[in-house]
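Residue-level listing of the chains:
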Amino acid sequence: MNSITEQLLGVVADWSGGVSFKGAYNIRENGQCAGRQSSPNISIENKPDAPGLVIRIKAAAQGETVYIPACVTKGGVDDLVYNDFFIEPGADVIVVAGCGVHTDDEGEARHNGVHRFFVGAGAHVVYKEKHIGTGGGAGKKRIDPITDIELDEGAVLEMDTLQIGGVDSTTRKTRAKVGARAKLIIHERLMTDGDEQAVSDFAVEMNGDDSAVDLVSRSVAKGRSWQDYHSVIRGNCRCTGHSECDAILVDGGRVNAAPELYAGHIDAALIHEAAIGKIAGEQIIKLRTLGLTEEEAEQRIIQGFLEA
Amino acid sequence: MLELNHISWSVPGGEIILKDVSLKIPDGKLTVITGPNGAGKSSLAKIIAGLETPTAGSILLDGEDITGWDITRRALGGIGYAFQQPVRFKGLTVRDLLELAARKALTDDEVCDLLGKVGLCAQEYIDRAVDASLSGGESKRIEIATVLARRDARVLIFDEPEAGIDLWSFSCLIDAFESIKHQRGDSMLIISHQERILEIADHIIVIADGVVRTAGSRVMVLPQLMSEEKMARCPMGKAGKGGIE
Ligand SMILES: Nc1ncnc2c1ncn2[C@@H]1O[C@H](COP(=O)(O)OP(=O)(O)O)[C@@H](O)[C@H]1O
Ligand SMILES: [Mg+2]
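Protein chains in written order, with the numbering used here: chain A, 1091 to 1398; chain B, 313 to 557.
Looking at chain A on its own, in the form it has when it is part of the complex (with noise of 0.2 Å):
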């Protein structure tokens, strides 16, 4: 494993340096696996037929944790991957999924995963996801995740993703089938600065009775960067929807954001809340009455925004 895949994992999977992580895991670098480890719950394997993995977790599995972080250190690199995710009825667990590109000359840097998850009756998943672009090169950071979710009745998932910074281009595409009485919840916070783009698209069917979504997103768009956010949630039965689309603007960012419902059920209730716009003045004049300067002022609210 190299140094820069060492300091990308530091911020992207809670990699503190030292042998490897704790439990299983497996550790992507440019393509190739640079550290896999099996648990007794929780096993990992190539996947046959494409690159990839497959991670099978048991019912046994409670309160663990998993982590297959991947890193691109370098320009020309274009990585593709798949991995399959078969949790048990059940079963409790933490995927720690960061990626981190870094480049440092004019070749683009890129990581695709495609991520799936068959997520058994009553087990609950938390899947934490965050992404960093790092390095001068002028060659293009990219992420273009695609998550595919199917939750079992009463199967919860918490999706935590974040998008720090530094990453010129990401399209992120996240579906999800929920069963009855199963709830999604996606957190998504994303910053963009400079020239970057993102483009987020959530299609989320709700086809069991009592199913439940929660959609949020938070996103900063700063310099001249631009994002593109849209969200469809299908509501075919009784259940339960939110989303939340938050933005702040500073300086030239654009969001545009489309969310869309659709209630195919009496039963169906859906929400949706959005708002754009720049910091409110009176905020960044609260923080000052306090001490803090302009700038600190602005920093701290993104901040607060985007951790909340």
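Derived from the structure by calculation, the hints contain no laboratory data. Quick caveat: nothing in here was measured; it's all calculated off a predicted structure. It cannot be assumed that every hint is accurate.
Stated by the list, open to error - Below, a list of computed lysine-lysine pairs in the PhoX-like style, where the Cα atoms sit at most 20 Å apart:
(1) A:1368 - A:1312
(2) B:402 - A:1312
(3) B:402 - A:1368
(4) A:1230 - A:1164
(5) B:493 - B:336
(6) B:493 - B:341
With the hints as your guide, set chain B with the ligands onto chain A.
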């Protein structure tokens, strides 16, 4: 001590709101500004905190001219200001805001102590977001706590702290104001219509139509205010049903 000398202020549109206001806010004393709605009291507070720039006049803090200082510099120079209309934040918790005000990390006990002064139970509020989920009274009390947290402040300004606050919390607040006066020796300026606040004032300044109508010690001004109020309620001199006797 804070001194305002011949302060005038017009709204950007042109209407003159404050006309040649001069006053002193001495150290270790509680000065209360009162007067009808629209008199220009909040405008005066904003001018002191640097949110508005006077069209004429000067502001002195301990003899130093701070008229040209911006909001941040005035805050760092010791001016604390609790807004009449509290500001809400998506993404800052009560603890975040109090720590920004204190300019340091606070222990749970310190947060608890600050919130207790405004009648809030810390456990319930410490991690709450300072957003629209708070009621008017709750966000008002948190706003006041952000100024109580300013240990570096020498001049504390509270704009209508009583608004939206229940009686019990209000008693806590009165205690807090009195202990600041006795223990910290800061100058305190409270804009208020509340009798109980007027009663703990050392000095009372009445502002109406943008000018100082009356200014003096409480003993001098308060009886006069009360009888004027009585007159206003019952011009014939006989308090009717429900009038104050
Ligand atoms: N920024 C402003 N623009 C226009 N009018 C203002 C502005 N600020 C205050 N005013 C007006 O100035 C007058 C005094 O306001 P204010 O200082 O808030 O009064 P008070 O606090 O005594 O009730 C009011 O008539 C108000 O409408
Ligand atoms: Mg006012």
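Hints versus structure:
1. Taking the CA atoms of residue 1368 (chain A) and residue 1312 (chain A), the gap is about 10 Å. The hint holds against a cut of 20 Å.
2. For the hint linking residue 402 (chain B) to residue 1312 (chain A), the alpha-carbon distance of about 18 Å falls within 20 Å, and the restraint holds.
3. Under the criterion of a C-alpha separation no larger than 20 Å, the hint pairing residue 402 (chain B) with residue 1368 (chain A) is consistent with the structure, at around 13 Å.
4. A threshold of 20 Å between alpha carbons decides the hint, and for residue 1230 (chain A) with residue 1164 (chain A) the separation of about 11 Å falls inside it, so the pair holds.
5. Annotation: proposed proximity of residue 493 (chain B) to residue 336 (chain B) holds, straight-line Cα distance about 16 Å (limit 20 Å).
6. Among the hinted pairs, residue 493 (chain B) with residue 341 (chain B) is consistent with the structure: their alpha-carbon atoms are about 6 Å apart, no more than 20 Å.
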